[in-house]
Structures are given as C-alpha cells and as structure tokens.
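Visitor: Listed below are the residues making up each chain.
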Amino acid sequence: MQGLKLSAVSKFYGTGTGKTIALEQANFEVGKGELVLVVGPSGSGKTTFLTIAGGLQTPSKGKVMINGRDTATLTAKERTKLRLTTIGFVLQSYNLVPFLTVEEQFELVTKVKGHNLAPARFNKLLNDLGLKQLLRKYPSELSGGQQQRVALARALFADPEYVLADEPTAALDTERTLQIIKLLKKLAHENQKTIIVVTHDLRLEAVADQVYQIIDGKLSKQ
Amino acid sequence: MFLAIREMKHDKVRYGLVISLIFLVSYLVFILTGLATGLSDLNKSAIEQWNAAEIVLDKDAQGRLPQSYLSAHDLRQIGKKGAQLAQFSTLVKSHNYKENAQLLAIKRQEFIYKKLPLQEGKKFGAARTVVVSAKFKQDGFKLGDSLTIPNSKVHLKIVGFITASSLNVAPVMYTSFETLKEVTKTRSINGVVFQHSGDKHLKLKDSRRYSIAQFIEQLPGYSAQQLTFNFMIGFLFVIILIVISIFLYILTLQKLPNFGVMKAQGIPTGFLIRNTLVQTLLMSILGVAVALGLAFVTALILPTQVPIKLDWNEIGIAGMGIIVMSLAGALIPIRQIIKVDPIQMIGG
Ligand SMILES: Nc1ncnc2c1ncn2[C@@H]1O[C@H](COP(=O)(O)OP(=O)(O)O)[C@@H](O)[C@H]1O
Ligand SMILES: [Mg+2]
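Just so you know, the sequences run in chain order A and B.
The first sequence begins at 46 in this note's numbering and counts up one residue at a time.
The second sequence begins at 8 in this note's numbering and counts up one residue at a time.
If you are wondering where the hints come from, they were derived from the structure by calculation, not from laboratory data.
This one's a predicted model, so the numbers in the text were calculated from it and none came from an experiment.
Wrong hints could be hidden among the right ones.
Partner residues are not named here, just some residues of chain A that face chain B (Cβ under 8 Å, in silico) [as the list claims (entries may be wrong)]:
| # | residue |
| --- | --- |
| 1 | T96 |
| 2 | L101 |
| 3 | K126 |
| 4 | F134 |
| 5 | P143 |
| 6 | F144 |
| 7 | E149 |
| 8 | V157 |
| 9 | N161 |
| 10 | L162 |
| 11 | F167 |
| 12 | L170 |
All residues carry an ideal CB built from backbone N, CA and C; glycine is no exception.
One chain only, chain A, in its complex shape (with noise of 0.2 Å):
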C-alpha cells in the first residue's frame, strides 16, 4: 500500500482558554509521482499539517498512514528512521547544520545513509538549483534564500520517496520559484517521487498535479 493518508486528523495545542485548534477533521491522500500543492494564509496550520503528514510531530486525533503503516504505531527510533529512508524533509527555517559546508551537508546525508542520488543526478541538481558555487561555504554565510535551494537540494540528494517541503520558495524571486517548482515537478514525474509543497504563494497553484487549500486549520480539496 505505497501513499500517504490522512484521515479525520486532528491536532490541538495548549489547553482550556489557550487551546489552538492548529488543524481540524483534515483528510488528504496522495499516491506516487505527484506533485501536491497546500495552500493557506500565514497561521493557517500548513506547517503543522506537513509535520504531522511526515510523522515529525504526532497528531492529538485521526490516523495517519505511510505506505500503509501507521505512524502512530511507530517508535521514534523507527520514526527517524522514516525520515532518514523515505521522507526528505524541507522546513521552514533551520534546515542546515551550522558547522558543516554545503558540501559537507551532502557528505553527511553519505555518512548515515548508504544510498543515495547517483553523481550525475546530484551534479545536475546542484546546477539546477544554482549551488555549484556555494559548496564550500558554511549556511551562515548563505542568503535566506539560498540556504532554502541548498535544504531542499539536500533532501533530494537523500533520494526519498517523499519531499515534503514548507514554503521552500518564500525566499526566492518569482523566477527561481517557478523553476524550482517545474524541477520539483518534473522530479515527481518523472521519479515516481510525491512531493508535497505547503505555500502561501497561489502563483505556483497553476503548475500543481492536485492543490489542497487550508484555512483555519481546515483543509479542502480544490
């Protein structure tokens, strides 16, 4: 059972008078080679409905199910596991490791994991996301913007089933984010990859395979 589902999921921060109701009864479902567009209002819940979907944080109701196991049923050893095998991460901030190179957050990515993307692959990857020159340089010397390219290079290097990534283009100019979305898309199709980006930029519905829409932690289909 390859995909990823939500079901009914719910997910509430604090308690009594100060209680957030971050997302609400969300359902969603995606199989593979799909590119799947969140889109909602800053506050809306996208971030929290990408790190539930991807077993980073626990939802409070509802099941959620990658490649037909519940996340719930998982331990966290087995939780970073998935992260590490199936699911590539891109957060919204602090992606990178402080200490190390751009180079040297791929060679770590090496290090724990046996396989990953071929040197060709990579090699055109880095030129698709302009990184060529930034290999040696360490985030803090990087813009905003090129730490997020960097990030999201990084977990495709990673070569997982999965990218989910939130709001990997709110740093970047309207050029860079349509062709970095076309890439992600050409990647999902072409790689059998689902890849779900969360934004509050509707200029990339347009290139979307499915746009989910979220407001006040509610979510609907579109």
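We have chain A; now place chain B with the ligands onto it with these hints.
Guide: Coordinates of chain B with the ligands only, in the frame set by chain A:
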C-alpha cells in the same frame, strides 16, 4: 568522527577552551604524580634496589630500621639466610659541602652487596671505602674523593657509584660493618633482609618479620606524604569530572538546535551520541597529550632539588584516568541528546 572533527574545526574557540581546561588539570595531575613518585623514591629507592621480600627487625622498633637493635640471640634465631644491615644517619662533609646521608653497612658475602647496581668504579673493599649513590656524582664528587663524618673525623673514600639510591630522603652510602664501627664506635646490626619470603616455621621471640611493603609503610612520614598526594590527585580527578560535565552540559544545551536539525533529517540518535563521545575522547586525548609534553619539559627545566620523577607507568595510569573521567563527564549530555524533539527546534 566526521561530525566531531568538523564541529571542532568550526568552533575552535569553544572546543579549545574545553581542551585547555583538560590540559591544565592534566598538567597538574602529572606534576603532582611526578612529585609523589619522586618523593617516594627519595624515601625508599634504596629498599627497592635490594629487590627483597622481607626484613626482620627488633619487635619494639615499630618497623623502623634505625630504632631496631638485634641481639646475638635474635641473630641466632634469624639464621644465616638473610643479609645483615645497619643504618646510620649522618651528616657528610667535604670542602664546602654538607649534606645528610644514610650510611648503610652490609656484608660482602651477602646478597645486598652482590646486587648493588654499580654504575662506575667498584664496590667497597678496603677499610674506609664507600660505594655511594649517583646523587653524589651529580653533586660533583668523583671516584677517589673523600667525605668526612663530622663527629668521628673519619674520612671515607668513594670507590664506586651506584644508581641513584636514597633512603629516608637522603642519599645512601654503603660500607662495611668494620668501617661503620669506626664511625659510630659501636657495632650493631639493625635488621636482616631476606631475598625470599622466609620459612614460616622460623620462631622469632624478640624480633618480628615485616614484608618489604609493610616496612616501607613504616618509613617516617612516608604514608602521610603519599596519602596527601593521592588525595590531591584524587581531588583533581573529581574536578576533571565536574568541569567536563558542566562544560559539556552547557555546550550541549547550546547545540540542541543542531541536534534538532539533524534528527529532523533522520540522523539516528546513536550516531549523534557516538559523535559527542568521540569528540570528548579527542578533546581529552589532545589535552592529556599536550599536558604530558609540557610535564616532561617542566621536569627537565626544574632544578634538581625538586624531586620530580615522571614514571611512565604512573603517568600512563593518570592519563588514562583523566580520559576515563572525561568520558564519564560526556555521558551527561547523552540524556539531553536523546530528549531533543526536532519539532521543538523548528517552530511555526
Ligand atoms: N507549538 C505550538 N504551540 C502552540 N501553538 C502553536 C504551535 N505551533 C503552531 N501553533 C499555532 O497553530 C496555528 C497553526 O500554526 P502553523 O501550523 O505554524 O501555521 P502556518 O505554518 O500555516 O503558518 C497557529 O495559530 C499557531 O499559532
Ligand atoms: Mg508555517
């Protein structure tokens, strides 16, 4: 290893600080260990050179050679297997030289004489000849030089030097019982040393047998001195443990977001823990190695009056101890690393 080294290279100051701390404490430990060994040698190196098992002393002497007088009757009971010994603590003088020494009388046919670690010249033979510790050579004496025992006006001629040998913090001179009698005007035998553990049936009435270890323990001031050093060194080990724990704890707290990032990437916690342990191992090995080098340089530079002796065994154990303590300190952050939840590091 990969992360450990990259991180240390990137945060040189921070890790340099921890390494310097390990270095400083290690250096202190090595110097103290060296002093303890050096002083201990000054107390007992002569005894160790005998390479003996037991000594028989007067029952009432409380294990102290100079206070022990064995009667002819005692000596008959003790038998002929051991080496008889007399100790006379004295000043020795030469032109402008005046130092304490231990004049020991032994018999030429017995094992202590036979096993004297001769460096130069020959063992004593004729009357008023002595074979002395190499310490005298360091002090400028040569073969054929004479030393005077102040009260008796006896001149003792140096005919040989043995490996540095010391007893009760004074260099040792070996001579015959006849010569000692000329100096002290009395003839007494203070103890009998046995090369091997004596037969258990030996019935001793007014004398008592001590193992060499017990005998050394009874040397005046020796135990208190060694205990003091061991206490100081032990204390430094505790300090190492505390300092390392605190520093690594703070360091890890500052690094929690990094661990969060790596956990979010799916880097296994075991990999991260191994990395911190390797890091601590590297830091402690580095600190200890530099301290070791500097301790040896210090030992070379210090004036010879400072009795410092860096013994590879002792220093090795101390160095290993420091590394083990550091690793023990490194166990503290492990709990923090395990507890890091990547989601808390990400934020909205
Ligand atoms: N850890 C948290 N604790 C409390 N409230 C949170 C936490 N994370 C997010 N929220 C709240 O949940 C809602 C959704 O947040 P989030 O998923 O980050 O939205 P988005 O990514 O769309 O900006 C917001 O109201 C936010 O304040
Ligand atoms: Mg967000």
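Visitor: Against the earlier hints, flag every one the structure doesn't satisfy and list their numbers going up.
Guide: When the structure is compared with the hints, numbers 9, 10, 11, 12 turn out to be violated.
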